[in-house]
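Participant: Residue-level listing of the chains:
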Amino acid sequence: MLYTIRNKQQQYKTQNSKKTPMKKIILSLLVILLSTSAIIAQETIPAPTVDSGDTAWMIVASALVLFMSIPGLALFYGGLVRRKNVLSVFAQIFILVAVISIEWVVIGYSNAFGSSSIEWLKPYFGGFDWAFLNNINISDLSPAFISHSQPTPEGGTIGTVPHLIFIIFQGMFAVITPALIVGAFAERIKFKGFLIFSLLWALFIYNPVAHWVWSADGWLFNLGALDFAGGTVVHINAGIAALVTAIMLGKRRDYKGHAIPPHNITYVAMGTAMLWIGWFGFNAGSGLAADGLAANAFLVTNLAAATAALTWALLDWFIDKRPTLVGISTGAVAGLVAITPAAGFVGVGGALIIGIAVSVICFIMVAYVKPKLGYDDSLDAFGVHGIGGIIGAILTGVLATPAIQASYSGALYGNLNQLWIQLIATVATMVFSGVGTYILFKITDLTVGVRVTDKQEATGLDETQHGETAYTNFD
Amino acid sequence: MKKIEAVIRKSKFEDVKQALYDVDIDWFSYWDITGLGKSTEEQVVRGQVFKSGYIQRRMISIVIRDVNLEKTINAILDSAWTGETGDGKIFVYDIEETYRIRTREKGPGALYNQE
Numbered sequence: 007m008l009y010t011i012r013n014k015q016q017q018y019k020t021q022n023s024k025k026t027p028m029k030k031i032i033l034s035l036l037v038i039l040l041s042t043s044a045i046i047a048q049e050t051i052p053a054p055t056v057d058s059g060d061t062a063w064m065i066v067a068s069a070l071v072l073f074m075s076i077p078g079l080a081l082f083y084g085g086l087v088r089r090k091n092v093l094s095v096f097a098q099i100f101i102l103v104a105v106i107s108i109e110w111v112v113i114g115y116s117n118a119f120g121s122s123s124i125e126w127l128k129p130y131f132g133g134f135d136w137a138f139l140n141n142i143n144i145s146d147l148s149p150a151f152i153s154h155s156q157p158t159p160e161g162g163t164i165g166t167v168p169h170l171i172f173i174i175f176q177g178m179f180a181v182i183t184p185a186l187i188v189g190a191f192a193e194r195i196k197f198k199g200f201l202i203f204s205l206l207w208a209l210f211i212y213n214p215v216a217h218w219v220w221s222a223d224g225w226l227f228n229l230g231a232l233d234f235a236g237g238t239v240v241h242i243n244a245g246i247a248a249l250v251t252a253i254m255l256g257k258r259r260d261y262k263g264h265a266i267p268p269h270n271i272t273y274v275a276m277g278t279a280m281l282w283i284g285w286f287g288f289n290a291g292s293g294l295a296a297d298g299l300a301a302n303a304f305l306v307t308n309l310a311a312a313t314a315a316l317t318w319a320l321l322d323w324f325i326d327k328r329p330t331l332v333g334i335s336t337g338a339v340a341g342l343v344a345i346t347p348a349a350g351f352v353g354v355g356g357a358l359i360i361g362i363a364v365s366v367i368c369f370i371m372v373a374y375v376k377p378k379l380g381y382d383d384s385l386d387a388f389g390v391h392g393i394g395g396i397i398g399a400i401l402t403g404v405l406a407t408p409a410i411q412a413s414y415s416g417a418l419y420g421n422l423n424q425l426w427i428q429l430i431a432t433v434a435t436m437v438f439s440g441v442g443t444y445i446l447f448k449i450t451d452l453t454v455g456v457r458v459t460d461k462q463e464a465t466g467l468d469e470t471q472h473g474e475t476a477y478t479n480f481d
Numbered sequence: 008m009k010k011i012e013a014v015i016r017k018s019k020f021e022d023v024k025q026a027l028y029d030v031d032i033d034w035f036s037y038w039d040i041t042g043l044g045k046s047t048e049e050q051v052v053r054g055q056v057f058k059s060g061y062i063q064r065r066m067i068s069i070v071i072r073d074v075n076l077e078k079t080i081n082a083i084l085d086s087a088w089t090g091e092t093g094d095g096k097i098f099v100y101d102i103e104e105t106y107r108i109r110t111r112e113k114g115p116g117a118l119y120n121q122e
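Chains A and B supply the protein sequences, listed in that same order.
Note that this note's numbering has the first sequence beginning at 7, numbered continuously upward.
Note that this note's numbering has the second sequence beginning at 8, numbered continuously upward.
What the hints contain is simulated information worked out from the structure, not anything from laboratory work.
Don't take every hint at face value.
Stated by the list, open to error - Capping the alpha-carbon separation at 25 Å, the derived lysine-lysine pairs in PhoX-like fashion look like this:
| no. | chain 1 | residue 1 | chain 2 | residue 2 |
| --- | --- | --- | --- | --- |
| 1 | A | Lys327 | A | Lys90 |
| 2 | B | Lys58 | A | Lys262 |
| 3 | B | Lys45 | A | Lys327 |
| 4 | A | Lys378 | B | Lys58 |
| 5 | B | Lys78 | A | Lys327 |
| 6 | B | Lys19 | B | Lys78 |
| 7 | B | Lys58 | A | Lys327 |
| 8 | A | Lys90 | B | Lys58 |
| 9 | B | Lys17 | A | Lys327 |
Said to hold, decoys possible - Going by beta-carbon spacing under 10 Å, a handful of chain A positions derived as facing chain B:
| no. | residue |
| --- | --- |
| 10 | Leu127 |
| 11 | Trp318 |
| 12 | Asp322 |
| 13 | Lys327 |
| 14 | Val332 |
| 15 | Gly333 |
| 16 | Ile370 |
| 17 | Tyr374 |
| 18 | Asp386 |
| 19 | Gly420 |
| 20 | Thr453 |
| 21 | Val454 |
| 22 | Gly455 |
| 23 | Arg457 |
Where is the CB? At the ideal position from N, CA and C, for every residue including glycine.
Working from the sequences, and respecting the hints, build out all of it.
Facilitator: Okay, structure coming up:
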C-alpha cells in the first residue's frame, strides 16, 4: 500500500518536474526500491500531489458559479424586465458566457493571474506569459491556495488542486461580473454596442482589478486587502460600472422615476434560488479546498442571505404593508453580495450583522435615494451589487474574526488598520471602474453606438435586436 | 339573442360566477384584461410605491336568449357591485345568428340544452 502511493508520487516527479536534478531522481528511485517501511519514506520530501477531495469540490464549485450566470442571473434579470425584453437579457448573458469563456483562456487568465515580465507593471497587470494557457500543463498544481497547501521539493508552497481547475473556476467569475452590469442598461441597449463594451470592460477593467486583489503580485493583495470571493473585484467593480453606464445611456423612454413592474416574478424568484445555490460554489469554493474554511463560508453565506431576505420582507411589510416576493428575492441577493468578501473571515455573528445591514441600506438606496437622484438603473445593478459590495467590503474590515482565520482580524477585534485597508481597496476599485467604464462606454458609443432607436425601444429589444419573441398568442 | 360583455373587478369574479350559476347561466367565456385610465391602485416594487396607471380587470362574455337578458344583467349588477369607483361596465350587443356545430341547428335553440 505504502509502496503504491509513493510510486505514484515518483511517477509524477519523474514525468513532470524537469527542474529536478537527475541525481535526485535516481536517488528517489533507489528509495522506492529499497523502502520496506514507512520510516525511510519520511526522510524524503514527498512530491506534491493532487488532493482528490479538494479537486472534486472545486469542479462542482466551478459548475455552480456557471449556474449562477445561466440560468440563475438570466432568469433573475429576465423576470424583472418587461415581456418584450426578456429574451434580450437572456441573449446578453448567454453570449457573455460564450465570449468571456474564450477571452479568459486567450488572454484574460494571464492578464489577471500571470506575472508580468516588466517589473514596475507587476502589481497592476499580469502580462501575457500564460496567453492561450501557454506554459501550463495538465499536471500542474494551482499556484494559488488559501488554507490547504503543500510543500514542493523546490522549497516552495503550492496548492492541492490542478492549475486547470483554478483557471476555469476563476473563468466563471470573469463571466458573471460583466453579466451583472446587464441589469443597469437593460431594455434599451443595442446588442452590438453591449457586446463590444462588455468585452472591452472584461479586458481593461475586470482583469486588472482581479490582478490587484487576488494575484500574489497585486498591489491591493500585498497591501492586505481582504476579499474572499469577490466583493471588490466582482460586485463593487460591476456595481460602479452599472451606475456609470446607466447614467451615460440615459433613462428608458417611459421611465417615470419608479420601477417598471416586472413581467414574471416567478422567474425572478427562480433566478434568486439558483443564485443562492450557485453562491455556495462562489463563496465556499473560493477557499480552493474542501475543508473547514469552505464549510464556514457555506454556513455564513446561507445565513447572510436568509437574514437579508427576512429583513427586506419585514421592511416591505411594515413600510409598504405587504411582504413582496420581489422584495424577498432582492434582499436575498443583497445578502449574498455583501457576504461575498467576508465569507472566509467572519463567523455567524458577523453574517447576521452583514445580512441586516445590507438589506436596510440597499432598501433605502433603491426605494428612496435612487428615485431622488433620477438615474435609471433598470434592475438596480448598482443599488444591490454596488452598494451591497461596498457594505460587504467595509464590514469585512470591521467584523473579520481571528476565530475563522487566525491571521486576519478586523476593527472589532482590535485591528483598526484592516478597516483602513478595506476603504482604500473599495475607493481604488470605485475610481478605476468608474473612470475606466466611462472611457470604454464613450468609445463604444462613438464607434458602434450603444442605444437603440426610440421606436426599437418601444417595440422591444427581443423583436428588434434578435427577431424573436418570448411569448406568442399561438401555440 | 344578446351578447353581454362585462368588465368586472377580479376580486368580484367568484361572486359574479356564483350569481350567474344561480340564475342558470352556466356557460360563458372570460379573460384577464389590462386597461389604462385614472386608476388609483398602488403598486410596490422594491420598496418604491407608485401608481401604475394600469388597471387589471376581468372580462366576461356571455351569449344568451332575449328571455334571459334581464335576470343576467341584474345578477351581474348585484354581484359585481362594491360602490367604489372602478366597479366596471356591462355592454349589451345584438347577435345576428347562432349555429350549433354538432347538430347544425340555428337560432336561439342552439344556445341552450333542450334535451
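Participant: So which of those numbered hints doesn't the model satisfy?
Facilitator: Hint check: 1, 5, 10, 19, 20, 21, 22 and 23 fail, others pass.
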